[in-house]
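J.: Just so we're aligned: the sequence shown equals residues 852 to 1101 in this note's numbering.
Everything labelled a hint here was simulated from the structure, so no lab data went into it. Don't take each hint at face value.
In silico DSS-like cross-links for lysine-lysine, where the CA-CA straight-line distance does not exceed 30 Å [what the hints assert, rightly or not]:
hint, residue 1, residue 2
1, K889, K1016
2, K921, K958
3, K1070, K1083
4, K889, K934
5, K921, K934
6, K1083, K1071
7, K1083, K1095
8, K1061, K1083
9, K921, K955
10, K1013, K1095
11, K1013, K1061
12, K1013, K955
13, K1061, K1075
14, K921, K931
15, K955, K931
16, K1016, K1061
17, K921, K889
18, K1013, K1083
19, K1061, K1071
20, K1016, K955
21, K1016, K1075
22, K934, K958
23, K1013, K1071
24, K1016, K934
25, K1016, K958
26, K1071, K1095
27, K1070, K1095
28, K1016, K931
29, K955, K889
30, K958, K931
31, K1016, K1083
32, K1095, K1061
33, K1013, K934
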Amino acid sequence: MRAGVFAILLMAGLLAGAGRATAEEQGGAAGPTASADKVDHEEMRHLIRDGLQLLQSGQPRQAIDSDFDKIIAAYEAAYKDGKVQVYSIANPAEALAYMAMAAKDGKHAVALDDTWAYALYFKGYALVEMSDLAGGEAVLQQAQALAPFNPQIMMERANIHKLRKEWPQAMELYQAAAGFASGFARPGLEADMEAKASHGIAYIDSETGKLDEAEAIYKKCLEKNPQDGYAKNELQFIAGQRAKQARQAQ
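Using the sequences plus the hints, can you model the full thing?
T.: Next up, the structure:
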């Protein structure tokens, strides 16, 4: 599993089953409150914790089959009638924003807790870990439809484009994630999401020859967090690239 991911999950309380995963379903001005008995919330939280532990132990396929797919199937069955626009929120600000969007479009909507979106997110993540980029991308797009402003989902989609060296598409998503991080990240993860989005933007700048732009971003990251090891390492890489260019110019 990619370095740092489980530190983020622990911070968010996902591995412990804390935080927004325990939230009640909310109805907004655009629609009715969802029936709280449509899914067994305790079972869903148990499944997502088990799935995360399987991911942590290097078993992405088992995590999908035993846990994440069961969560996804339960929610899809509960809301298959399509009578309301369903959102899955990690942040109270998301509920307000999504309800306003739905009201503007004249749609009935409901905001659930973040379990459904994160089951899709972690399934997509697991597929990427198994090198199924197309499958991961499709699942992450489903997750984003449930949580349009969730920056963590945006960044995982950006990571897929980065792996493919599709720089414009990756940059667009990293920039969007940076814009949404402060207001729509999971509570407690705002600074971390902003930093990781900045890392992604700077990485693309570096890969596309914009070393000055990348350097400026990494230095700003270090101003905000002097312990940002990723930024420190990338600044060393940039210094090495400049030295290499200088030697070649001689």
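J.: Hints broken by the structure, by number, lowest first?
T.: 1, 9, 12, 20, 24, 25, 28, 33
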